[in-house]
Amino acid sequence: MHDQQTSRGLRRAHEDPVWVRRTLIVGAVGTMAALVGVPLVNVFVEAFAAGPGAYWDSLVNDPDTFHSILLTLMVAPVAVGLNLVFGLAAAWAIARFRFRGRAFLTALIDLPFTVSPVVVGLFLLLLFGRQGFFGPWLQAHDVKIVFAFPGLVIATAFVTFPVVARELIPVMEALGAEEEIAAVSLGARGWQLLRRITLPNIKWALLYGVILSNARAMGEFGAVFVVSGHIAGKTDTMPLRIEKLFQEYNLPGSFAVASVLAMLALVTLGVKTALEWKTRRELAEGKRLRAAGGER
Amino acid sequence: MIDVNRRVLPGFGLSLGYTIFYMSLVVVVPIVAGILKAADLSLADFWHAVSSERAIAAYTLTVGASLASALVNVVLGALVAWVLVRYEFPLKGLLDSLVDFPFALPTAVAGLVFSSLFVQNGWYGRFLVPLGIEGAYSRLGIVIVLVFIGFPFVVRTLQPVLEGLQRDVEEAAACLGASRLQTVVRVTLPAILPAVITGFALAFARSLGEYGSVVFISGNMPFRTEIAPVLVVNRLEEFAYTEAAAIAIVLLTISFAALFLINLLERWMARYHA
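So the protein lines, in turn, are chains X and R. Per my numbering, the very first residue in the first sequence carries number 1; after that it's consecutive. Per my numbering, the very first residue in the second sequence carries number 1; after that it's consecutive.
Heads up, some of the hints might be wrong.
Distance ranges between label pairs, derived from CB positions [claimed, not checked]:
{"id": "1", "chain 1": "X", "residue 1": "Asn250", "chain 2": "R", "residue 2": "Asp40", "range": "25 to 33 angstroms"}
{"id": "2", "chain 1": "R", "residue 1": "Tyr87", "chain 2": "X", "residue 2": "Ala54", "range": "37 to 45 angstroms"}
{"id": "3", "chain 1": "X", "residue 1": "Asp57", "chain 2": "R", "residue 2": "Leu71", "range": "41 to 49 angstroms"}
{"id": "4", "chain 1": "R", "residue 1": "Ile35", "chain 2": "X", "residue 2": "Glu248", "range": "47 to 55 angstroms"}
{"id": "5", "chain 1": "R", "residue 1": "Ile35", "chain 2": "X", "residue 2": "Arg22", "range": "40 to 48 angstroms"}
{"id": "6", "chain 1": "R", "residue 1": "Ala240", "chain 2": "X", "residue 2": "Thr279", "range": "44 to 52 angstroms"}
{"id": "7", "chain 1": "R", "residue 1": "Trp47", "chain 2": "X", "residue 2": "Asp64", "range": "41 to 49 angstroms"}
{"id": "8", "chain 1": "X", "residue 1": "Ala292", "chain 2": "R", "residue 2": "Gln182", "range": "57 to 65 angstroms"}
{"id": "9", "chain 1": "X", "residue 1": "Ala174", "chain 2": "R", "residue 2": "Lys92", "range": "48 to 56 angstroms"}
{"id": "10", "chain 1": "X", "residue 1": "Asn201", "chain 2": "R", "residue 2": "Leu25", "range": "25 to 33 angstroms"}
{"id": "11", "chain 1": "R", "residue 1": "Asn121", "chain 2": "X", "residue 2": "Gly101", "range": "36 to 44 angstroms"}
A partial selection of chain X residues facing chain R, derived with a Cβ cut-off under 8 angstroms [said to hold, decoys possible]:
{"id": "12", "residue": "Gly81"}
{"id": "13", "residue": "Leu84"}
{"id": "14", "residue": "Ala93"}
{"id": "15", "residue": "Ala95"}
{"id": "16", "residue": "Phe149"}
{"id": "17", "residue": "Met218"}
{"id": "18", "residue": "Thr268"}
Using 30 angstroms as the maximum straight-line C-alpha spacing, the simulated DSSO-like pairs for lysine-lysine come out as follows [unchecked claim]:
{"id": "19", "chain 1": "X", "residue 1": "Lys272", "chain 2": "X", "residue 2": "Lys287"}
{"id": "20", "chain 1": "X", "residue 1": "Lys203", "chain 2": "X", "residue 2": "Lys144"}
{"id": "21", "chain 1": "X", "residue 1": "Lys234", "chain 2": "X", "residue 2": "Lys244"}
{"id": "22", "chain 1": "X", "residue 1": "Lys144", "chain 2": "X", "residue 2": "Lys234"}
{"id": "23", "chain 1": "R", "residue 1": "Lys92", "chain 2": "X", "residue 2": "Lys144"}
{"id": "24", "chain 1": "X", "residue 1": "Lys144", "chain 2": "X", "residue 2": "Lys244"}
{"id": "25", "chain 1": "R", "residue 1": "Lys92", "chain 2": "X", "residue 2": "Lys287"}
{"id": "26", "chain 1": "X", "residue 1": "Lys278", "chain 2": "R", "residue 2": "Lys92"}
{"id": "27", "chain 1": "X", "residue 1": "Lys278", "chain 2": "X", "residue 2": "Lys234"}
{"id": "28", "chain 1": "X", "residue 1": "Lys234", "chain 2": "R", "residue 2": "Lys92"}
{"id": "29", "chain 1": "X", "residue 1": "Lys287", "chain 2": "X", "residue 2": "Lys234"}
Derived by calculation from the structure, the hints in this document are not laboratory data. A virtual CB, placed ideally from N, CA and C, is assigned to each residue, including glycine.
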């Protein structure tokens with residue numbers, strides 16, 4: 001009796017009263033609804049305001065918009081591919097070896113997250129633009145980088161390059177090198193090691209890194225805005241097209257393009273949630289097996 | 001173990017070499033080029049370019065709006081993180097996934113949507129504008145989109161720390177006679193404070209460079225709603241390349257200072273938790 005009272009008193013002291021709990025939950029759900037939920041619904045409502053026919057029209061039958069979609073579909077995979085190779089190399093070097101300057105290199109990888117995309121674009125312009133350092137040489141050899149496809153790729157790659165590496169490094173550090181060392185001692189060579197041991201171990205983190213960096217690449221605005229020269233039907237990617245239609249007061253068209261990118265964001269989140277769920281289950285499974293005395 | 005790895009595992013030279021090569025090509029070379037370009041200006045011209053009244057108004061607005069939005073995010077982020085870690089309620093998993101939405105949504109889409117929500121006949125504007133609250137084409141609008149952009153940082157920094165807190169510490173405080181409020185303020189809050197500060201700094205640093213979303217909602221009026229990245233673009237469109245580079249260098253310096261501070265904070269936090 002006395003015991004029960006104490007424990008109830010204890011619980012009251014480390015658990016919040018019901019009214020506090022309810023108020024905080026309502027506050028948090030309200031915040032998320034106002035900040036994320038309503039804007040998300042708004043994108044699709046505005047996009048479909050004039051009906052699905054008009055929606056389809058503004059995406060496919062507007063040649064400049066259609067071109068921007070194709071361009072984004074070409075720029076993003078190249079940038080993601082570059083990120084992927086870089087991410088694997090950087091994660092292998094940083095998570096598997098200790099060397100002088102390792103902390104500095106890790107900090108440097110985060111750099112694009114802090115540098116304003118506009119500044120990135122400007123610096124690329126100063127490098128490759130007509131008045132830039134390589135400008136005269138590029139012009140003499142008739143190579144176009146800014147206001148053309150290569151510039152869009154470089155700008156996108158700069159802004160998104162840490163994404164894959166940042167997903168991989170913590171996972172590879174947590175995994176440790178034991179399996180790889182064992183494989184090497186059993187005679188595995190470089191590519192064999194990568195293909196048979198490392199890649200299967202990190203596949204989910206790698207997949208998420210690729211998907212996230214793809215979402216970032218398709219949505220990149222600031223850096224691409226500066227280096228593209230916004231030539232409609234030529235160098236406008238989807239986000240740039242959104243801005244141009246907005247400036248032309250073509251809101252339905254603008255929202256139609258925006259809704260496609262919003263769907264991409266939703267898919268990205270869906271994949272992330274599914275992968276997290278999967279990883280948690282695999283972890284639990286491993287724990288269960290170990291507890292049962294079995295070797296994994 | 002450290003030296004064993006390098007002797008045993010292959011690919012050290014190749015992977016490190018490629019990492020350094022790629023980063024120099026994509027990151028270091030453009031930044032050096034920008035700094036060299038700004039160095040074309042004499043010191044007096046540089047000072048003139050970066051200290052014009054319009055530029056100073058832009059820096060002040062950028063830093064001020066970033067600080068304001070990061071502060072709002074500390075409150076909202078702490079609320080959401082607390083609720084997600086401590087309470088059970090329906091659709092909690094969905095709420096948790098949606099926290100990352102601002103990371104995944106292109107900034108241009110965010111800017112477009114928020115400006116359309118806050119204009120006079122928008123979903124929010126029709127209630128707020130009659131009350132005199134102008135969310136679109138105002139400084140308030142800039143803070144609002146920056147809150148959206150920086151929101152996940154505070155939640156995602158706080159969540160693991162809150163999950164790792166030992167409940168028995170709070171129980172001990174209760175046993176020793178502390179009220180619930182005293183426990184939260186004197187025991188829980190100090191333990192999560194470093195994470196709160198890190199989340200704040202990350203949201204702040206992210207907001208400093210934001211361009212895509214702000215350009216839609218701010219109206220970009222010089223001296224009033226023009227942030228520093230927008231000023232860089234405007235100078236560029238006037239073909240004032242060196243001046244644009246000079247302002248960009250100032251912006252870059254502010255970002256680096258913020259990054260440096262975050263690194264110090266993280267180191268301090270690691271020691272605090274050790």
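Right, here's what the structure says about each hint:
A beta carbon spacing of about 40 angstroms between Asn250(X) and Asp40(R) contradicts the range 25 to 33 angstroms that was offered as a hint. Distance hint check for Tyr87(R) and Ala54(X): the Cβ-Cβ separation is about 44 angstroms, which falls inside the suggested range of 37 to 45 angstroms. About 44 angstroms separates the C-beta atoms of Asp57(X) and Leu71(R), a value consistent with the hinted range of 41 to 49 angstroms. For the pair Ile35(R) and Glu248(X), the supplied restraint of 47 to 55 angstroms is violated, since their beta-carbon distance comes to about 37 angstroms.
The given range of 40 to 48 angstroms is broken by Ile35(R) and Arg22(X), whose C-beta atoms sit roughly 55 angstroms from each other. The given range of 44 to 52 angstroms is respected by Ala240(R) and Thr279(X), whose C-beta atoms sit roughly 51 angstroms from each other. Checking the proposed 41 to 49 angstroms range against Trp47(R) and Asp64(X) shows it holds: the Cβ atoms sit about 43 angstroms from each other. With their beta carbons about 45 angstroms apart, Ala292(X) and Gln182(R) fall outside the hinted range of 57 to 65 angstroms.
The given range of 48 to 56 angstroms is broken by Ala174(X) and Lys92(R), whose C-beta atoms sit roughly 26 angstroms from each other. Checking the proposed 25 to 33 angstroms range against Asn201(X) and Leu25(R) shows it holds: the Cβ atoms sit about 29 angstroms from each other. The beta-carbon spacing between Asn121(R) and Gly101(X), approximately 56 angstroms, falls outside the hinted interval of 36 to 44 angstroms. Interface hint at Gly81(X): violated, since its Cβ lies 12 angstroms from the closest Cβ of chain R, which is beyond the 8 angstroms cut-off.
A least Cβ separation of about 12 angstroms between Leu84(X) and chain R goes past the 8 angstroms threshold, and the interface hint is therefore violated. Checking Ala93(X) against chain R: minimum C-beta separation of about 4 angstroms stays under 8 angstroms; hint holds. Given the 8 angstroms rule on beta carbons, the hint for Ala95(X) is violated: about 10 angstroms separates it from the nearest Cβ of chain R. For Phe149(X), the interface hint is violated, the least distance from its beta-carbon to any beta-carbon of chain R being 16 angstroms, above 8 angstroms.
The closest approach between the C-beta of Met218(X) and any C-beta of chain R is roughly 7 angstroms, which is under the 8 angstroms cut-off, so the hint is satisfied. For Thr268(X), the shortest C-beta to C-beta distance to chain R is roughly 4 angstroms, which falls under 8 angstroms, so the interface hint holds. For the proposed pair Lys272(X) and Lys287(X), the alpha carbon gap of about 23 angstroms is at most 30 angstroms, so the pair holds. Among the hinted pairs, Lys203(X) with Lys144(X) is inconsistent with the structure: their alpha-carbon atoms are about 37 angstroms apart, more than 30 angstroms.
With a C-alpha separation of about 13 angstroms, the suggested pairing of Lys234(X) with Lys244(X) holds against the 30 angstroms cut-off. Our distance criterion of 30 angstroms between C-alpha atoms is met by Lys144(X) and Lys234(X), whose separation comes to about 13 angstroms. With a C-alpha separation of about 50 angstroms, the suggested pair Lys92(R) and Lys144(X) falls outside the 30 angstroms cut-off, and the hint is violated. Simply put, Lys144(X) and Lys244(X) have alpha-carbon atoms about 23 angstroms apart, close enough for the 30 angstroms limit, and the pair holds.
Of the pairs offered as hints, the one joining Lys92(R) and Lys287(X) holds, with about 25 angstroms between alpha carbons and a cut-off of 30 angstroms not exceeded. With a CA separation close to 18 angstroms, the supplied pair Lys278(X) and Lys92(R) stays within the 30 angstroms bound. Between Lys278(X) and Lys234(X), the direct Cα distance comes to roughly 42 angstroms. Violation of the 30 angstroms bound is thereby established for this hinted pair. Between the alpha carbons of Lys234(X) and Lys92(R) the distance comes to roughly 44 angstroms, so the proposed pair goes past 30 angstroms and is violated.
A distance of roughly 54 angstroms separates the Cα atoms of Lys287(X) and Lys234(X); the hinted pair therefore is violated under the 30 angstroms criterion.
When the structure is compared with the earlier hints, violations turn up for hints 1, 4, 5, 8, 9, 11, 12, 13, 15, 16, 20, 23, 27, 28, 29 and for no others.
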